[in-house]
Every structure is written in C-alpha cells, then in structure tokens.
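Novice: As given, the protein sequences belong to chains Y and U, one line each in that order. Heads up: the first sequence runs through residues 1 to 340, numbered per my numbering. Heads up: the second sequence runs through residues 341 to 654, numbered per my numbering.
Incorrect hints may appear among the rest.
Which stretches of chain Y does chain U cover? Using the computed rule of at least three CB atoms under 8 Å from a CB of chain U, they are [to be verified]:
#1 27-37
#2 146-153
#3 177-185
#4 273-279
These are computed hints drawn from the structure, not numbers from a lab. Keep in mind that this is a model prediction, so the values were computed, not measured. Quick reminder that beta carbons are idealized off the backbone N, C-alpha and C, glycines included.
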Amino acid sequence: MLSGGIKSKAGEIVFNIANHIIMILFTLICVYPFYYILIYSLSDVSEAAKGVYLFPFDQYDNKVRTGQVLVSYGNWMIADTKLTNELAAMVNIPGPFPYISGVYKSESPLGYSNTNARAITHNCKYPERAMQLLNFFDSEEGARLIMNGIKGVDWDVIDGKPQLIGEHLKAVKEGTTSDYYAKTQIGTFSLYYTGSVEPKDGYPVDLKTAPEIAISAATPGFKDFAQFYDPSFSYPGQVYDKFVKEGKIKTVTKANLASSLSAPPGDNITQILNKGSQYFIANIAKLIMAENDEQFEAEKKKVIADIKAMGYEEAFDEILRLYEEGKETEKRFMSAELKF
Amino acid sequence: MRRNSVLQKLTRPDKRKLLGLKYFALAVPFLVFVFAFSYVPLISWVYAFYDYKMGMPFLDLSKVEFVGLNNFAKLVREGRETIRVLRNTLVMSSLNILVSPLPVIFAILLNEIRSGWFRKFIQTTTTLPHFISWIVVYGVAFSMFSMNGLVNQIYAMLNLPVPQVSILGNNKMAWLFHLGLGIWKSLGWSAIIYIAAITGIDTELYDAAKIDGANKFRLMLHVTVPGIAPTYIVLLLLSISNLLSNGFDQYFVFYNSMVSDKVEVLDYYVYKVGFLVGDYSYSIALGMFKTLVSITLLFTVNFISKKVRGESLV
C-alpha cells in the first residue's frame with residue numbers, strides 16, 4: 001500500500017514533467033510562426049538572408065549554366081556581371097518562337113492598326129480640322145514632333161543625319177527618359193501615330209531607336225553577340241534584321257483585322273473554355289511531375305480525353321467559325337461597305 | 341393600502357408583457373441578421389432550375405430557359421468530378437472527426453497544470469491561431485514551408501538533402517498537411533469549451549474518489565472523462581452533420597496545381613464552378629445538394645441521439 005503510494009507519486013512527477021513539456025512545445029508551435037514573421041519583417045531582406053541559409057544559390061547558378069533550368073528570368077538591360085563576366089548578355093533572338101512583332105512598320109488599313117483605331121465622332125464640330133490633325137500626326141513632321149519633341153531643342157538634323165540632342169539625348173543615355181517625358185510631354189500623343197510614316201532620311205521616326213543610340217548603348221556582351229554573327233555588326237538589332245532578311249525569322253507586319261473583328265464566343269463556349277483552363281491548371285502538375293515516360297503518356301491520354309469530353313472540339317469549331325465570320329467582316333470593312 | 345394592491349395586481353401582467361417585449365427587442369437584430377444572411381439568399385435557389393447566366397436581370401425569369409432537374413442530373417453526368425470532390429470533402433471531414441478527441445485531451449492535460457499563471461499563459465497563446473484569418477495563416481505557412489522557407493533552411497543548415505517539392509506542393513502529404521494546419525489553428529480554441537466543462541464538474545466527486553484511493557490517472561479516467569463526455573458527444577454529432585462543409589478559405593488560399601486534386605473540397609468546387617467556370621446554375625445546384633445532405637445528416641444524427649441518449653440536439 002505504502003510502496004504503491006510512492007510509485008504513484010513518482011509516476012505523478014514524471015507525468016507532470018511530461019505534461020509541462022508537451023504544453024510548452026505546443027505553445028511554441030503556436031507562437032513561433034508569429035515570432036518568425038515578426039523578426040523577418042523587421043529585418044532587412046539581405047540581413048534575414050544572411051541570418052539563415054536561404055537558398056542554395058551556387059547550385060542554382062550551376063543549374064542555369066548547365067542548362068538544367070527550363071525557364072529563368074533574364075535581364076538583358078543590365079547584365080549580371082557578378083554572376084557571369086562582362087561579356088554576359090541575355091538576348092532574346094531568335095526567341096522561343098521565330099516571329100517577332102512590332103519593330104517593323106506594320107500595315108494600318110484605314111488607320112486601323114493592331115493597336116488603336118482612330119475615329120472622328122459624329123458630333124464633332126470641326127471634323128475637317130480633326131482629320132487635319134490626325135493627318136498631321138501621321139506625317140513625317142508631326143510624327144517626329146510627337147515622338148521626339150521640338151526640332152532644335154530635343155532633336156536636330158546635323159550633317160544630314162537626324163539625331164537626339166541636348167537634354168533629351170542625356171536622358172536617353174542616363175535612362176531617365178520617364179522623368180524627362182513627364183516634363184516635356186514627349187510621347188503623350190504617340191497613340192495618335194499609326195506607325196505608317198517612313199521618313200525620307202532613312203532613320204526611324206522615333207530617334208531613340210536610331211542605330212547610333214543602339215551602338216552607343218551596346219554592352220560588351222551585346223557587341224560580342226552581334227559580332228558572332230557578323231564581324232561588322234555592333235548591336236543585336238542588326239542580327240535580328242539579318243535574320244528577317246534571310247527569312248529565318250518572321251515579323252508580323254500584316255494587320256490581322258479578322259481576329260479583332262471576330263465576335264466573342266457565346267456563354268456556353270466560354271464556359272467550356274473556362275472549364276478546360278481550370279482543368280488544365282489543376283492537372284498540368286501531374287504531367288510535369290510524371291515519374292517516367294509511361295506515366296506521362298498515360299496522364300497525357302487522360303488529359304486529352306477529359307478535355308475532349310468537355311466539348312472542346314465543339315468550342316474549337318465555334319471559334320473557327322467566328323474567325324471565318326471575322327474574315328467576312330474584314331472584307332466588308334475593307335471595301336468600306338460598313339457604314340457607322 | 342387596498343387601492344395600492346389592486347393597482348399592483350393590475351400592472352403586474354402588463355409589466356411582464358413589457359419585459360417580454362424588451363427581450364424580444366434585444367433578439368430582433370439577431371433575427372434580422374439570420375433572416376437576411378441565411379434565408380434571403382435562398383431566393384437564388386430558383387436558378388438551379390433555370391439556365392441562368394451571370395449578368396442576366398435578377399429574378400426576371402421570363403427570359404431564362406427552364407431546364408428542370410438538368411443541373412442535378414449534371415451531378416451524375418459529371419460523376420467523376422463529383423466523386424473526386426466528395427472524396428476530398430469526406431476525407432478531410434473524417435480526418436477532422438478522427439482527431440476531435442485532441443482538444444479533449446489537451447483540456448484535460450491543461451487542467452492538470454497547477455500553476456495558475458502558466459495555465460492561463462498556455463491557454464491564451466494556444467488560442468491565438470484561431471483569431472487570424474486563413475489568408476494570414478497562408479502567409480505564415482508560406483514563409484515556413486515554401487522552397488526557401490524556414491523548414492528548407494533548416495534542412496540546408498543541417499546539411500540534409502533539401503526536398504525537391506515543398507510541402508505546400510506535395511500531393512501525397514496534402515491531406516495530412518491540411519489536417520495539421522486545422523489542428524494547429526483550432527486546438528486551443530476548441531479546448532476552451534472542454535475546459536469550461538471540466539470547471540463545471542462537482543469537486544466533491546474528486547474528493548470522494550480521492551478518499552476511495554484514486555490516483556491522478558484514475559481521477560482523470562473516472563471523473564473528468566465521464567464529466568465532459570456529454571459535451572464531446574454533442575459536438576461530435578454536430579460535426580457529423582457538417583460532414584460536407586469543411587469551409588472554403590483554407591482550401592482556397594492553399595490551392596495550387598500540385599495539390600489541386602487533393603484539396604478541392606465541395607465548398608471550393610462550388611466557387612470554382614460558379615465563378616471561375618461561370619456555370620452559375622450548376623454551382624447553385626451543388627450548393628443545394630450540400631445543404632440537403634447536411635440537413636438530412638443533422639436530423640438523422642438528432643434522431644439517433646434521441647433514441648440512444650434520450651435527448652435531442654435541436
């Protein structure tokens with residue numbers, strides 16, 4: 001009886017200690033996350049990174065260099081010379097898909113380019129003058145004015161070559177154009193310019209994109225890249241131009257009105273498309289994380305079957321039909337049969 | 341004197357009536373609240389029988405096509421999705437029911453701590469997670485469990501191989517992870533009601549058991565546990581009626597492609613079908629289905645409780 005009492009006393013002490021430990025542990029689990037967030041948010045990011053080993057950066061760099069990382073972010077304005085050397089440059093030529101849009105002058109049928117449509121409203125008091133203004137913006141003089149600023153102040157023709165001068169040139173070189181443009185309103189009206197002007201002097205309308213600027217801004221890495229393709233080249237744009245001329249990459253200069261003029265699909269089709277994309281979001285990881293080829297094939301078949309079962313073919317046909325309709329609308333649009 | 345007592349007799353029932361009115365007035369805001377937020381929205385149930393698209397005029401059914409039970413048939417037609425979502429829902433609910441004794445154990449253990457301030461400290465800190473929203477829990481969990489989170493940092497610090505997939509994207513662990521999160525968030529809070537129940541147990545019972553030679557464990561087993569068992573059973577039965585509602589926020593914030601097929605519970609699925617896919621009518625049908633099953637479960641459980649324990653829940 002007595003020994004039993006002592007035993008239970010000892011048991012109680014063990015229990016008490018264990019109990020206290022469990023309680024303290026659980027309290028820590030409940031409180032620590034908040035504490036962690038607190039110290040993390042209070043400390044500087046780089047300091048926090050120093051405090052605890054954040055991420056195996058060296059392994060990551062190694063993987064980037066050996067091409068093990070499928071997608072990486074690239075910053076080709078400022079090459080990361082710490083990571084590589086000064087010849088480093090991230091140049092997106094020819095890019096993942098061999099076509100690039102927006103650099104070469106594109107068509108703008110009836111002033112309707114791929115970007116903005118310009119129109120004079122019905123209740124405009126002086127439609128002729130509005131048209132004059134739009135025409136001015138689409139002339140060499142007007143386009144140069146809205147894109148580059150005042151001749152003689154922001155740009156000028158020196159030795160027969162149009163070029164940026166003064167503060168504008170300084171801003172472009174220092175990369176402070178946004179401040180300068182906010183002050184001078186250069187580029188504010190650029191949306192009114194259709195991109196259809198081809199200046200007689202052979203220079204682009206926007207003088208920021210002139211070869212001289214590109215050459216002076218080219219880093220050693222960019223030069224190295226360009227000279228790899230042709231020793232006489234000095235900036236990547238020349239490589240791009242060469243590829244376009246050789247027909248190796250395509251650039252979209254044809255305005256695709258039909259896609260802009262296609263009607264949006266109906267609710268049922270939109271639902272099918274949404275369902276499909278939700279399904280895709282939920283299942284794409286299974287494909288990427290497949291352990292072997294057989295599993296991948298099996299998952300692939302399942303995904304294709306499931307998406308077909310949602311009526312995706314029907315949706316696809318409907319969108320094709322709408323696109324064909326858009327082509328018809330384009331024909332009417334171009335023959336100016338369409339009256340507003 | 342006589343006149344006074346007559347007056348008293350006259351006014352007494354009026355007074356009682358007045359008091360009743362006062363109590364009723366106190367209850368009115370809550371009745372309005374329940375009515376406005378739980379009953380008024382039921383009007384839109386009518387859309388489950390129509391082919392309603394978002395943006396159509398509200399309750400103007402003249403232009404909306406009547407589809408009858410088509411949306412309920414869809415539950416069967418899209419059986420595979422329904423079953424997958426129901427599986428996730430039931431697994432999460434069952435796991436939560438399985439761990440429902442944890443707050444009881446926690447309350448009993450906490451009650452064994454003699455030092456008053458220490459007990460209060462633990463009780464306060466463990467209820468802390470209950471008061472933060474799931475989106476904040478996600479922020480905390482992300483800083484802990486993401487690829488460069490604290491857990492992986494510790495792995496790296498100990499020179500252990502860092503897992504290729506973080507636990508937030510670990511499909512195999514998804515259910516357990518969410519169970520753990522649920523426990524972490526609600527354990528301290530759920531224990532409060534049991535702590536209250538323990539306080540309600542007559543101390544004479546403990547004294548009597550002690551005189552009979554019961555030690556600490558015997559006291560727990562034969563006095564505390566039977567003392568709080570009724571509370572536990574009531575809460576357990578209520579949680580069974582909530583089998584299909586695991587809540588939305590937790591699964592919404594932790595949803596990602598890697599774990600989507602495991603964490604897509606019914607509440608999230610209703611949101612997905614209604615707002616992301618845009619099939620509004622079907623989402624209402626799903627919601628109705630959930631409500632009907634829940635009500636059926638509640639009354640079944642209530643009936644069983646009446647038969648077995650002799651008292652009903654509702």
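Novice: Determine which of the earlier numbered hints do not hold for this structure and return their numbers in increasing order.
Specialist: Of the numbered hints, 2 and 3 do not hold.
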